[in-house]
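Novice: Protein chains in written order, with the working numbering: chain F, 16 to 286; chain H, 16 to 286.
None of these hints come from the bench; they were simulated from the model. Just so you know, these numbers come straight off a predicted model, no measurement behind them. Incorrect hints may appear among the rest.
Note that identical chains are pooled: a pair holds if it fits in a single copy or bridges any two copies.
[As the list claims (entries may be wrong)] Under the rule of at most 25 Å between Cα atoms (straight-line distance), these lysine to any residue pairs were calculated in the SDA-like manner:
(1) Lys30 / Tyr93
(2) Lys67 / Phe252
(3) Lys74 / Leu84
(4) Lys106 / Phe252
(5) Lys85 / Arg223
(6) Lys143 / Asp163
(7) Lys65 / Ile226
(8) Lys65 / Arg255
2 protein chains.
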Amino acid sequence: MDCGEATQLQLKRYKLRAQRINNIFISHLHGDHYLGLMGLLSTMHLMGRKEKLNLYGPKGLSEIITMQLKYSETVFNYEINFVEVDTTIHKVVHEDDFVKVYSIPLNHRVPCSGYLFAEKKKNRRIKKDTLPADFSVKNIIRLKHGEDILDEEGNLLYKNAALTLPARRSFTYAFCSDTKYDESIIPLIKDVDLLYHESTFMDEHAERASITYHSTAKEAATIAKKAEVGKLILGHFSVRYRELEPIRDEARTVFENADLAIEGEEFILED
Amino acid sequence: MDCGEATQLQLKRYKLRAQRINNIFISHLHGDHYLGLMGLLSTMHLMGRKEKLNLYGPKGLSEIITMQLKYSETVFNYEINFVEVDTTIHKVVHEDDFVKVYSIPLNHRVPCSGYLFAEKKKNRRIKKDTLPADFSVKNIIRLKHGEDILDEEGNLLYKNAALTLPARRSFTYAFCSDTKYDESIIPLIKDVDLLYHESTFMDEHAERASITYHSTAKEAATIAKKAEVGKLILGHFSVRYRELEPIRDEARTVFENADLAIEGEEFILED
Numbered sequence: 016m017d018c019g020e021a022t023q024l025q026l027k028r029y030k031l032r033a034q035r036i037n038n039i040f041i042s043h044l045h046g047d048h049y050l051g052l053m054g055l056l057s058t059m060h061l062m063g064r065k066e067k068l069n070l071y072g073p074k075g076l077s078e079i080i081t082m083q084l085k086y087s088e089t090v091f092n093y094e095i096n097f098v099e100v101d102t103t104i105h106k107v108v109h110e111d112d113f114v115k116v117y118s119i120p121l122n123h124r125v126p127c128s129g130y131l132f133a134e135k136k137k138n139r140r141i142k143k144d145t146l147p148a149d150f151s152v153k154n155i156i157r158l159k160h161g162e163d164i165l166d167e168e169g170n171l172l173y174k175n176a177a178l179t180l181p182a183r184r185s186f187t188y189a190f191c192s193d194t195k196y197d198e199s200i201i202p203l204i205k206d207v208d209l210l211y212h213e214s215t216f217m218d219e220h221a222e223r224a225s226i227t228y229h230s231t232a233k234e235a236a237t238i239a240k241k242a243e244v245g246k247l248i249l250g251h252f253s254v255r256y257r258e259l260e261p262i263r264d265e266a267r268t269v270f271e272n273a274d275l276a277i278e279g280e281e282f283i284l285e286d
Numbered sequence: 016m017d018c019g020e021a022t023q024l025q026l027k028r029y030k031l032r033a034q035r036i037n038n039i040f041i042s043h044l045h046g047d048h049y050l051g052l053m054g055l056l057s058t059m060h061l062m063g064r065k066e067k068l069n070l071y072g073p074k075g076l077s078e079i080i081t082m083q084l085k086y087s088e089t090v091f092n093y094e095i096n097f098v099e100v101d102t103t104i105h106k107v108v109h110e111d112d113f114v115k116v117y118s119i120p121l122n123h124r125v126p127c128s129g130y131l132f133a134e135k136k137k138n139r140r141i142k143k144d145t146l147p148a149d150f151s152v153k154n155i156i157r158l159k160h161g162e163d164i165l166d167e168e169g170n171l172l173y174k175n176a177a178l179t180l181p182a183r184r185s186f187t188y189a190f191c192s193d194t195k196y197d198e199s200i201i202p203l204i205k206d207v208d209l210l211y212h213e214s215t216f217m218d219e220h221a222e223r224a225s226i227t228y229h230s231t232a233k234e235a236a237t238i239a240k241k242a243e244v245g246k247l248i249l250g251h252f253s254v255r256y257r258e259l260e261p262i263r264d265e266a267r268t269v270f271e272n273a274d275l276a277i278e279g280e281e282f283i284l285e286d
């Protein structure tokens, strides 16, 4: 999600492999959200990528990439599937075996879309130590789908519950990059497990936030509270704030489970 | 000269102030030479720049910048004077009180221009401790220009040499970013004090260098030798080389005064 300048360097720093990325979602075309993209795509090419890459973003993104490829006289060795996201509507923009991704219309100075990631229903987990050694792949798939195992005459051989554990929960994550306070997103992100909401300013600069189409910590927390999300992480802090804890503390006055999205930080969602 | 991704970060690291930059020269439109430009220009805007910036580069550069400004719906608070450089000819592209800059046609996969920086003749240096206290600014300028000081009747008051030291030497620097070995640049960079010449490969990969329109260390050194430059610095090393000293050593077999252009390194030209 989003790709500011030097994203490549940060991936390297955190030992994340760029080539494992198959889908990139860009929220809007302000430089701090996409200027690292061209370099990342070029590096994927230079490192020998062959797999198709899906690139989701607002109108203009494909034109920017395509023009730069033209002048560098470069044809990538892999295909980029540009998907233009309509930033004014909430709809599914991506779906695969594991996740469905929806656009979230945001309220910023330029067309801007957040993204909601909804994991699909997961399989039941096989209890490996109880599994008979001669179990077929077909039966393992049946178990994962919650079915009992029958013999050829249809008699019960194994109850599913004897060989499996319940599936892990499917989580939802909403990424709301740059937006002013706007309650219209609340129904779209209702009950998500994790909400990233920008918090460029603090309440003392609420007017500045409104003029620049950004949010304060308190506003982000109000969205989190009204949408009854599990956890809120705050980011996109104005450089004017040397200390970030006060931003978090301001949010916590409204919504307790709030934290700062510091670069490199991991947030683990638990069952 | 040139502006790869994360140039902003490097300027910061080396405590160089971006706002002091008034002229940017881009050699060609491969990502490693210009992808940091849009971010740098944006930061200059955000930090309140008002002064005009001259931007020199091949056809396409202004279009790439302009399109990105369009989609970010941004109008900079300062003017960018785009100067399209014809990469096929050697001519003056910039001139101010201190320096003349010439294009150097290079031989690369895409239109590419090196740049030759020729300092103008410098003023004589005033010996401050010998200067009479009541000396006028007009007379100081006369001294800097090498004139003697006369009284109103035209009689000699001070010999210039008594109050000044000779001007410092004017230096020349040639920046040849990406190019295959091409002797046609030799007359253009003849006798420069400092030559930066790319050295992507070593001699063992000479064929690869030729195919990709790059140079080997030996080739860079051969250019330096034939152009009788003062000093050669080598750069743009392929990531395949873990150790860089062998690149320098290969160059030195042909041209002794060769060094590696390691990031952050300073090369001082002395009188």
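Novice: Compare the structure with each hint and give your call.
Specialist: Consistency of the hints with the structure:
no., hint, verdict
1, Lys30 / Tyr93, "within (23 Å within a copy, 39 Å between copies)"
2, Lys67 / Phe252, "neither (34 Å within a copy, 29 Å between copies)"
3, Lys74 / Leu84, "both (17 Å within a copy, 14 Å between copies)"
4, Lys106 / Phe252, "neither (28 Å within a copy, 47 Å between copies)"
5, Lys85 / Arg223, "between (39 Å within a copy, 23 Å between copies)"
6, Lys143 / Asp163, "within (16 Å within a copy, 98 Å between copies)"
7, Lys65 / Ile226, "between (44 Å within a copy, 22 Å between copies)"
8, Lys65 / Arg255, "between (43 Å within a copy, 21 Å between copies)"
Violated hints, in rising order: 2, 4; the structure is consistent with all others.
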